[in-house]
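K.L.:
Below are the chains, spelled out letter by letter.
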Amino acid sequence: MKTYDLSELALRNLRESSLRNSLTTIGISVGVASLVAMLSLGIGLQQLANRHLVKSGLFDTVVVMSRRDVRGFSRDDEKNNSSATAAESRTLDEPARQEIERLAEVQEAYPDIRFITELRYQDKPHLTMVAGIPESARSNDAFSGVQGRFFSSESAPEVILQESFAAELLGKTEKPGQEDDIPVAELAQPLIGQELTMRYAERIPAASSIPEGAATKAASPTRQVPAEAASDAAYSVVSREQKLKIVGVSDLDPDSMRGAARARVFLPLKLAENLHVMQPSDLRDSMRGFSKQPSYSTISVRVKNPKQVEAVEQAIKKMGFNTFSILDATRSLRQFFTVLDLFLGIFGSLALAVASIGIVNTLVMAILERRREIGIMKAIGASDGDVKKLFFAEAGAMGVLGGIVGVALGWTIGHVINLGTNIYLKRQALPPENFWSVPWWLVGAAIVFAFVVSLLSGLYPAARAARLDPVQALRYE
Amino acid sequence: MTGGLEQSNQTSSRNGAPAIRIVDLCRHYQMGETLIRAVDGVSLQVRAGEFVALLGSSGSGKSSLLNLIAGLDRPTSGAVIVEDRDLAQLSREDLAKHRLRTVGMVFQSFNLVSRMTLAENVELPLRFAEVDRNQRRTLTRQALERVGLGARATHRPSELSGGEQQRAALARALINRPKLLLADEPTGNLDSHTGAEIMNFIREFNQSLGMTIVMVTHERALAERYAQRMIFLADGKLLDDQPHPAAVAASIPGERPGEQR
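Sequences listed follow chains A and B, in order.
In terms of numbering that gives the first Met the number 0, the first sequence opens at residue 0 and continues consecutively.
In terms of numbering that gives the first Met the number 0, the second sequence opens at residue 0 and continues consecutively.
Bound-form chain A, shown alone (with noise of 0.2 Å):
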């Protein structure tokens, strides 16, 4: 028989006995809706939890140090590198930032600049680090749950305090065993707009006031040390004010990544530079007193793609420097996340397992009560595979059929859910979050996997109704 003519014979069947077949039809329906539940809550908590993880710019960025400052941060850093000396290893400063930055898979890579100092809010002093942050940032996923706004521009004596030093700043410190924080817009609300009061150690250049045998007892006495790139290696430090206008509040913590070192309060980068603010490495420099231009004591690379980050790592130590990022947590997360789809997967199928011996059921008992009519076709010249191939369509049909509506309902279901949990965040006062994903793939990989289990199903009653010996169905009644 042709297929088209299959198809819409067996569509003709189905519409028959409407109730068994529409039943059998809803129970594939409810376990393809199962699976594509449990499978496109599975994506979209790994969605949601990739966001997160995204925004907190962890992911693409990949902090580069000099070796002269630290040694590696695991032992196999040390075994393979350990031909690498401080003396061989290069400075961090502005060409080798270049360089890093001319590096196909780089974004951007600037300095990071960031002290401990004292800010005065309302004539009471705080403790704490600031760091400079790129106007790159901006656009950048880990500063869209700012309250207020971004920095006007590149250089605007402007400030994004982190949720936690706003907290302090207002005298809110969340008390132990508190278990909700206090809402950002709460605590943004009274101090955007407010200005904050930053005192810091200025680095003023003294080659001029410095005669040049003192600079180069500055440097190294072992090294010959160029005369102009001596006399930068002297300088004084004066105590300096800076008046800071509070634009924002985040609720993230952007610079998690460096852990006891993560700055609570950020300033447009090229602000921060321009203060030249006393840095660590600072007295180190002078000591060595290498280069004319001073140098970083880590760059932050940011990386196009968080995937990349493995070779932008690589191309970087090859540079004789460094480097740290967060690449092996996002491992065993993705690793997690497998493992969790997998189990969702199969409780998801046990589901469509049920629903095929529902289709087994069906067709067996149509064999039953059409055994008469399997032995007219065949009287009139139907052949065994015709016969099969009729039973199989149905089996085929049910599965498609099933397999769309399940879908539908599975997104149904999920969208339901989903709404349902928003509701109750937005009571608990937290922000709306997406937990259901159902992407196309999945989809179409349901509809087809609803078929093919509908086609297994339909493989013994099929046979079973080819094999049926015409003369006994016929004397049947």
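Hints were generated in silico from the structure; no laboratory data involved.
Stretches of chain B that chain A covers, calculated by requiring three or more beta carbons in the stretch to come under 8 Å of a beta carbon on chain A: (1) 66 to 76; (2) 86 to 96; (3) 104 to 111.
Quick caveat: nothing in here was measured; it's all calculated off a predicted structure.
Cβ atoms here follow ideal geometry from the backbone N, Cα and C, with glycine treated the same way.
With chain A fixed as given, assemble chain B onto it according to the hints.
P.N.:
Then chain B, alone, in the frame of chain A:
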């Protein structure tokens, strides 16, 4: 039906070549402990264009013999040669083709598919024969009109009388233009008037289309009136073979009360 087929059938009927050749045919069933010899060593020949009646009491093996000729069943031993092919040697697939193209069957209980309309029932063999959709529709309409059921195409079998159902079954049996019509007690469920109507259709197919007819019946009167030859079976064995009792009657044109056109 087209003229080409009629002509070829008539030609073969004129030639009188054997359409069916049965050689020492046996069909035995094992039923528990006992062996049932439904057909037991039957040999006979049916010429093309012949109208043969198989007679016998119930259990004589006449239906079993018909099923073997139809290719619905396989012999235990012996040969059934229809149109030069031994059905015993055919694969299941080829047997299905034989049922589809070489033979048409009608039954005592009509055997229409109850969930399909008359048109769908008649069309069914064309679907198996993979005939084009439009052609199928035309052929179905023609076949139904031929048996006077053109207006009932969309009715279901349960909405029709027995005679109408059997006429639809005849239309279905003829739709693939087989050379052989096998009828198993075609009038068994019908009153005598409707029965005569069906028999006249069958006789017409025999005479105008040149179809070979093998009809199973237990009514000797029916066989005498319509068939050209009577074959008697008892306990699976051939008892008697009487040629041409109705040959003269069949040629009288006035003897066609149910004729529609």
